[in-house]
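Q: Below, each chain spelled out in residue letters.
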Amino acid sequence: MSDLARQVGLIAHRSLVRTARQPGAWIPPLLFPLMLMAVNSNGLRAATHLPGFPTTSFLGFFLPFSFMQGALFASGIAGVDLARDIDTGFLNRLALTPVRGSALLLGQVGGALGLGTVQGLCYLGVALAAGVHIDAGAGGALLILLLAVTVAAGFGALGLWLALRTGSGEGVQSQFPLLFFLLIISSMNLPRNLIEVSWFRDLATINPVSYMIEAMRSLVIQGWNAQALALGFGFALALLIVSMALSSRQLRYRMTRT
Amino acid sequence: MRSRFEVAIALAYRQNTVLFKNPSLFLPPMLFPLMNFVAFAGGLSRLRHVPGFEFKSGYTAFQFVFVLLQSAAFGGVFAGFGIARDFERGFAKRLLVSAPHRGGIIMGYALAALVRWVMIAVVLTIVALIAHMRVGGDGVDLFGLFALAIIFNQVGLLWAAGIATRIRSVQAGPLMQTPVFMALFLAPVYVPLSLLSGWIAAVARLNPLTFLIESGRGFIDGNPTQVVAAFSIAGCMLVVFAIWARTGLARAERAG
Numbered sequence: 001m002s003d004l005a006r007q008v009g010l011i012a013h014r015s016l017v018r019t020a021r022q023p024g025a026w027i028p029p030l031l032f033p034l035m036l037m038a039v040n041s042n043g044l045r046a047a048t049h050l051p052g053f054p055t056t057s058f059l060g061f062f063l064p065f066s067f068m069q070g071a072l073f074a075s076g077i078a079g080v081d082l083a084r085d086i087d088t089g090f091l092n093r094l095a096l097t098p099v100r101g102s103a104l105l106l107g108q109v110g111g112a113l114g115l116g117t118v119q120g121l122c123y124l125g126v127a128l129a130a131g132v133h134i135d136a137g138a139g140g141a142l143l144i145l146l147l148a149v150t151v152a153a154g155f156g157a158l159g160l161w162l163a164l165r166t167g168s169g170e171g172v173q174s175q176f177p178l179l180f181f182l183l184i185i186s187s188m189n190l191p192r193n194l195i196e197v198s199w200f201r202d203l204a205t206i207n208p209v210s211y212m213i214e215a216m217r218s219l220v221i222q223g224w225n226a227q228a229l230a231l232g233f234g235f236a237l238a239l240l241i242v243s244m245a246l247s248s249r250q251l252r253y254r255m256t257r258t
Numbered sequence: 001m002r003s004r005f006e007v008a009i010a011l012a013y014r015q016n017t018v019l020f021k022n023p024s025l026f027l028p029p030m031l032f033p034l035m036n037f038v039a040f041a042g043g044l045s046r047l048r049h050v051p052g053f054e055f056k057s058g059y060t061a062f063q064f065v066f067v068l069l070q071s072a073a074f075g076g077v078f079a080g081f082g083i084a085r086d087f088e089r090g091f092a093k094r095l096l097v098s099a100p101h102r103g104g105i106i107m108g109y110a111l112a113a114l115v116r117w118v119m120i121a122v123v124l125t126i127v128a129l130i131a132h133m134r135v136g137g138d139g140v141d142l143f144g145l146f147a148l149a150i151i152f153n154q155v156g157l158l159w160a161a162g163i164a165t166r167i168r169s170v171q172a173g174p175l176m177q178t179p180v181f182m183a184l185f186l187a188p189v190y191v192p193l194s195l196l197s198g199w200i201a202a203v204a205r206l207n208p209l210t211f212l213i214e215s216g217r218g219f220i221d222g223n224p225t226q227v228v229a230a231f232s233i234a235g236c237m238l239v240v241f242a243i244w245a246r247t248g249l250a251r252a253e254r255a256g
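Chains as they are written, first to last, in my numbering: chain Y, 1 to 258; chain V, 1 to 256.
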């Protein structure tokens, strides 16, 4: 095993163990999206009566929201953990060791990946138990999981950048409403063609989160839609790459300062 | 401080000064209702075309009432976080020693919660009017709507104060907000009660907050409905949670 892989493994293991040891950090991200899914999928069921609504199962339509909300929580956890490392001086001590910056970032994202995987399995399991039929079959379910984990990693990396920029857990937390706003201004509740208010529809159209949601949704209600999948994975990977690049740059700056 | 009111006003002044000096405390309670309003009124307005949806003031007004009541409740709950913080940092203990009238302490926190929510309500109403919200009700109806929201704000604060004085830690935050959040979302949020189906329809019919929301929507539509039931329920909740908060404070006092 190369040095980098070993370092990434060690930091990812630390990140996963730390998350697992704080039930307060992982139970709400696991339960809250499920509660919202249960309530909203029933409360909004009447929307399936709208002409042009693409499915008769609002639960199936709404399922991607849980993955996206879980990913937002993952960003908060990854960011707050790194902010705590900065605050407690762990990062400074780490700077004195041969650990590479890239290993630190990849390892920290490992925590978000682990949580994202557990969340994805949980949401998917609950949805299947509740009777959601995935049109794309078992392969589609796996792809939903893969996309959900990629999105969680992307938002996790964004959380790292926020932590490195602000250096405080409170700073990371205070950005949460802004990230949540991205989720709200998307096609999470209705398909874009059924959004009546034009400015909202325009914002949802330029919002990358809409395409991540629509890629997952397409697998549930449409089957295989190459364009939706390409856009969803493309934006998720772009988020991951851009966030990692920003984090890497910010880490160099923070290491220099300390 | 001689009287209960002096205690209340001094404490409310202090709470709001702390609030205004910390944007991280002030902004989230302001932003969340606005975001919800944008998401619900902007993103879901097509729901007014669902067969059987009848609300002549339009979907923006329909959602405004829910978001207004939600902001009222959460304005109270967020103020409850401040009470928990005061206990955690020892300020509340000093307050219990220095205030001759303990009831004034709860009143002070309640007044601070009200001031805080009034600002949110003003901003939310302005945003709704800019978004061309149609108001079918007259002045008396609107007075009814905002009176209901004020009572609900105080109910939210008293509920959170009861938790904060019993647990005396900000870690009680989820316990303060999750039941309120769930109770609100188990009411007819997106469509009228008559259009709900399945288990949520059964739960919403039993949920007392359904009366408040439906009555509020009746006020803004100029078609008041279930007014006596809504105000009776709100009044009962106010009394019950006032006792809950006051006994919590007594328990905190005994705990030292």
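No wet-lab data here; the hints were simulated from the structure.
Treat the numbers as computed from the prediction; the structure is a model and nothing was measured.
Careful: at least some of the hints might be erroneous.
Per label pair, the in silico range of CB-to-CB distance [stated by the list, open to error]:
1. Thr-247/V - Arg-84/Y: 34 to 40 Å
2. Gly-125/Y - Lys-21/V: 45 to 51 Å
3. Pro-23/V - Ala-95/Y: 56 to 62 Å
4. Thr-178/V - Trp-199/Y: 29 to 35 Å
5. Thr-117/Y - Ser-169/V: 27 to 33 Å
6. Ile-130/V - Leu-146/Y: 52 to 58 Å
7. Leu-129/V - Arg-100/Y: 35 to 41 Å
8. Pro-28/V - Val-17/Y: 29 to 35 Å
9. Met-182/V - Gly-137/Y: 41 to 47 Å
10. Thr-247/V - Asn-193/Y: 50 to 56 Å
11. Gly-131/Y - Leu-193/V: 20 to 26 Å
We treat Cβ as the ideally placed atom computed from N, Cα and C, and that holds for glycine.
Q: Now, for every hint given, state plainly whether the structure supports it.
A: Right, here's what the structure says about each hint:
A hinted range of 34 to 40 Å for the beta carbons of Thr-247/V and Arg-84/Y is consistent with their spacing of about 37 Å. As the Cβ distance of Gly-125/Y to Lys-21/V is approximately 46 Å, the hint placing it in 45 to 51 Å holds. Checked against the given bound of 56 to 62 Å, the beta carbons of Pro-23/V and Ala-95/Y, roughly 32 Å apart, lie outside it. The beta-carbon spacing between Thr-178/V and Trp-199/Y, approximately 33 Å, falls within the hinted interval of 29 to 35 Å.
Roughly 32 Å separates the CB atoms of Thr-117/Y and Ser-169/V, a value that falls within the hinted 27 to 33 Å. Taken as a hint, the range 52 to 58 Å is violated for the pair Ile-130/V and Leu-146/Y, whose Cβ atoms sit roughly 43 Å apart. Between Leu-129/V and Arg-100/Y the CB atoms are about 55 Å apart, so this pair departs from the stated range of 35 to 41 Å. Checked against the hint of 29 to 35 Å, the pair Pro-28/V and Val-17/Y passes, with Cβ atoms roughly 31 Å apart.
At about 34 Å, the CB distance of Met-182/V to Gly-137/Y disagrees with the hint of 41 to 47 Å. For the pair Thr-247/V and Asn-193/Y, the beta carbons lie near 54 Å from each other, so the given range of 50 to 56 Å is met. Our hint of 20 to 26 Å for Gly-131/Y and Leu-193/V holds, since their Cβ atoms are close to 25 Å apart.
When held up to the earlier numbered hints, the structure conflicts with 3, 6, 7 and 9 and fits the remainder.
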